[in-house]
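Residue strings, one per chain:
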Amino acid sequence: GAGVSQSPSNKVTEKGKDVELRCDPISGHTALYWYRQSLGQGLEFLIYFQGNSAPDKSGLPSDRFSAERTGGSVSTLTIQRTQQEDSAVYLCASSLVPGAGYTFGSGTRLTVV
Amino acid sequence: AQSVTQLGSHVSVSEGALVLLRCNYSSSVPPYLFWYVQYPNQGLQLLLKYTSAATLVKGINGFEAEFKKSETSFHLTKPSAHMSDAAEYFCAVSPANTGNQFYFGTGTSLTVIP
Numbered sequence: 001g002a003g004v005s006q007s008p009s010n011k012v013t014e015k016g017k018d019v020e021l022r023c024d025p026i027s028g029h030t031a032l033y034w035y036r037q038s039l040g041q042g043l044e045f046l047i048y049f050q051g052n053s054a055p056d057k058s059g060l061p062s063d064r065f066s067a068e069r070t071g072g073s074v075s076t077l078t079i080q081r082t083q084q085e086d087s088a089v090y091l092c093a094s095s096l097v098p099g100a101g102y103t104f105g106s107g108t109r110l111t112v113v
Numbered sequence: 114a115q116s117v118t119q120l121g122s123h124v125s126v127s128e129g130a131l132v133l134l135r136c137n138y139s140s141s142v143p144p145y146l147f148w149y150v151q152y153p154n155q156g157l158q159l160l161l162k163y164t165s166a167a168t169l170v171k172g173i174n175g176f177e178a179e180f181k182k183s184e185t186s187f188h189l190t191k192p193s194a195h196m197s198d199a200a201e202y203f204c205a206v207s208p209a210n211t212g213n214q215f216y217f218g219t220g221t222s223l224t225v226i227p
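These protein sequence lines are chains A and B, in that order. With this note's numbering, the residue at position 71 of the first sequence is 71, and numbering never jumps. Offset between the second sequence (1-based) and this note's numbering: plus 113.
Bear in mind the hints are in silico, worked out from the structure with no lab data behind them. Mixed in with the good hints, there may be bad ones.
To be verified - Partner residues aside, some chain A positions facing chain B, computed with beta carbon under 10 Å:
{"no.": "1", "residue": "G42"}
{"no.": "2", "residue": "L43"}
{"no.": "3", "residue": "G59"}
{"no.": "4", "residue": "L60"}
{"no.": "5", "residue": "P61"}
{"no.": "6", "residue": "F65"}
{"no.": "7", "residue": "A88"}
{"no.": "8", "residue": "L91"}
{"no.": "9", "residue": "C92"}
{"no.": "10", "residue": "G101"}
{"no.": "11", "residue": "G105"}
{"no.": "12", "residue": "S106"}
{"no.": "13", "residue": "R109"}
What the hints assert, rightly or not - Take a look, some chain B residues computed to stay more than 10 Å from chain A by CB distance:
{"no.": "14", "residue": "L159"}
{"no.": "15", "residue": "A167"}
{"no.": "16", "residue": "P192"}
{"no.": "17", "residue": "V225"}
To be verified - Some chain B residues well away from chain A (every beta-carbon gap over 12 Å; in silico):
{"no.": "18", "residue": "E128"}
{"no.": "19", "residue": "Q158"}
{"no.": "20", "residue": "E201"}
{"no.": "21", "residue": "A205"}
Note that CB positions come from ideal geometry on N, CA and C, so glycine has one too.
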């Protein structure tokens with residue numbers, strides 16, 4: 001597609017439920033990143049995929065968070081047993097090559113009530 | 114290790130005045146440096162980037178930034194602020210030898226006063 005597409009744009013969920021956030025990167029972009037932006041804070045790195053290499057999961061805050069990238073394209077970020085502190089905007093970005101500068105999606109605003 | 118410090122979480126300027134948003138970085142290797150802008154309820158958009166070519170980088174919407182190695186700075190400037198410049202601005206650093214991950218500053222919210 002022309003840009004990075006994220007869905008849903010907004011998600012309200014009850015504490016303890018699982019959620020899945022989807023990212024569809026720009027076609028041909030080999031690098032895909034997930035970031036979290038909490039209210040009043042900067043961007044927190046979560047996970048990075050590059051081609052067929054093992055993902056860099058060093059930013060995932062707990063084992064409730066996981067992500068996969070199927071076929072080197074679409075990525076899904078899953079949060080299990082959501083907590084209120086998970087409420088944030090989750091941003092996905094893709095890049096043609098690492099370090100070339102990201103193109104960001106519009107994000108998914110997650111609210112855990 | 115890489116990190117970015119943005120001085121001033123909030124900056125206000127009058128319309129037509131100079132915009133100066135500060136960014137200092139630390140990097141153990143030659144860095145790539147970026148400025149991103151985030152308009153309300155939107156994703157981040159790349160304004161400009163430095164990747165070891167010219168030290169003065171021109172970006173979109175009249176913004177520019179100068180890489181100063183001696184000061185480890187990459188401040189963002191615009192000669193004349195416009196109302197439409199009101200947004201959140203993020204500076205980011207990436208190690209040039211890998212580019213695996215960007216390290217973002219905490220952002221500066223720019224308000225333009227009419």
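- Taking the numbered hints from earlier one at a time, note which ones the structure violates and give those numbers from smallest to largest. Numbers 4, 5, 6, 7, 14, 19, 20, 21 - these are the hints that the structure violates, sorted from lowest upward.
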